[in-house]
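Protein chains in written order, with the numbering used here: chain A, 1 to 290; chain B, 1001 to 1257.
Worth double-checking, as some hints may not be accurate.
Facing chain A, from chain B, some residues (calculated, C-beta under 10 Å) [to be verified]:
#, residue
1, Val1010
2, Pro1104
3, Leu1111
4, Gly1168
5, Pro1171
6, Thr1173
7, Pro1181
8, Leu1182
9, Phe1193
Think of the hints as simulated: they come from the structure by calculation, not from any bench.
C-beta: ideal position from N, C-alpha, C; glycine also.
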Amino acid sequence: MRALRRRLGLISLLFPSYAWLAFAIFAPLMMMLVFSFLSDVPIGGRSVHWTADNYTKFLSKAFYFKLSVKSIRMGLLTTAFCVIVGYPMAYAIAKVIRGRWKSAMFLLVILPFWSSSLIRAYSWIIVLRQEGVINSLVLAFHLPPGSVSILFTFAAVIIGLVHAYLPYVVLTIYVSLDRIDDTLIQAAQSLGANRLQSFLRVTLPLSLPGVLAGAILTFIPSTGSFMEPRVLGGTSGTVIGTIIEDQFVSVFNWTFGAALAFILLVVVGIILAASAQALRRAQVFSIGGR
Amino acid sequence: MRRLTPASFVVYAGLVLVFLYAPVLVMMAMSFNRSPLYQLPFQFDLRWFVALTHNQRLLQATGNSVLLALANMVVATILGVMTALALARHQFRGKTLLNVLLVPPIAIPWLILAIAMLLLFNFVGLGRGLPSMFIGHVAVSLPYAVFVILARLSGTESTLEEGAMSLGAGPWTTFFKITLPLMLPGVIAAALFSFTVSFDNFVISYFLAPPGVSTLPVEIYSAIRKGFTPEINAISTITFAFSMLLAVFAVRLVREA
């Protein structure tokens, strides 16, 4: 009787949340897969039939292949810059800066999580545009006008994306660096390793899980982004994400949009599945010597 | 490596913070600038903030955003408490699976989730609108709420609750007298974060907003695409400052506990 009541209690605690997720996340994803194989949206009594046209359209046109490559390049560049810029930052907070400054720096890195990514992307327009702040500075220094107009270029999109995802990378690397026992590093140095050697052979390998986690957290959303490319890239910002947006807000080819989104979802799934393995391996590696 | 002194790391960290904050600070400064073209020299003026008070569309969108964020905060936090309690205090088969199921709403790009929702909600006749946006917002903020509360709960002992139960307290008394006070900082942090996730949510609202109904981020996006006005700077400045205030409050709360 008690066990039964406990069981019922457990179910009533869990059911509402998972029913909500089932209705708002998992059922929609299934529906998206089904719709991607239809000729039209089966809403309002329209006659539809099963077809793979949406996928053959994607596979047969060079345009979509080029865009996919561009989107992946966008994700990879964003990830690379985030790791290169973020690692020394995380190292500074975890291992160099101490005391009050350390917690202040940490707070300043995580604060952007609480702000709107749209507003942060928008703020770059003001900095990068032709009449913007950078150009005013250029004019002030008597450089030729218009020489630094990078708004609505691919570079502007990358800057916006790095700005958006850098805090995630710094945070994940910081967490893995902070866990490393300083005595390990001291031990390496007392055994004759110089600072570079102890960094390359102790600190860096132990922090790789954090680097990997940050890279995945950056690569997935930046490859599938549409807002930053749209706001900062203009016509040079056309990527898979913006094409998907178009299918729903201007072209109204919902089933093709569903197919594109499903292809993106498969890519995301493969990366997550592959990295779950790698992450676990990295974790084993990080237990240190075992 | 020998040349990398602590001072150089501090300088580097400072530069990264400039990269993170300078654009928003420039935007905030420009919202107080008289020139609509962001021209310098800077002339202090509150005209863009005054203009906001006459912008009915923006005011209405702000009302929708606040309403959605509050409703989302209440529901996501309650569901989050229930789920976190079950996951932290009960042992059962399938727990790992339930934990894993909380990841997709966070890991899958919101663009994909938003259009998937749009398709299903249209198919079942719910269509676009504030109720659909609300369902979507709760779905993506719930996992964050669960993780924040779970982190707090796993740091506390269940022995206190067992003690209360063995002394004759019922499950509800135990919950309100022991468990809730224990996890309260986590619950408040989860509530504030859920509020922010919804208030700042652009992608899901954008695809689920019918013509004529919008939220603040959706309104800002369409204004940016139509050609930007300094009014956007003013509303963005207010929104950003408000988010930062909430964040600092939440971080303090979690740290003091």
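Results for each hint:
The beta carbon of Val1010(B) is positioned within 10 Å of a beta carbon in chain A (closest approach about 6 Å), and the interface hint is therefore held. Residue-level restraint check for Pro1104(B) holds (minimum Cβ-Cβ distance to chain A is 6 Å; threshold 10 Å). With a least beta-carbon distance of about 6 Å to chain A, the hint placing Leu1111(B) at the interface is held under the 10 Å criterion. Violation of the interface hint for Gly1168(B) is found here, the shortest Cβ-Cβ separation to chain A being roughly 15 Å, above the 10 Å cut-off.
This hint holds: Pro1171(B) has a C-beta 7 Å from the nearest C-beta of chain A, less than the 10 Å allowed. Using the Cβ-Cβ criterion of 10 Å, the hint placing Thr1173(B) at the interface with chain A is not satisfied: the shortest such distance is roughly 15 Å. Look at Pro1181(B): its Cβ only gets to about 19 Å from chain A, farther than 10 Å, so that hint breaks. Interface restraint check for Leu1182(B): the shortest CB-CB distance to chain A comes to about 17 Å, outside 10 Å, so the restraint is violated.
Because the beta carbon of Phe1193(B) sits about 8 Å from the nearest beta carbon in chain A, less than 10 Å, this interface hint is met.
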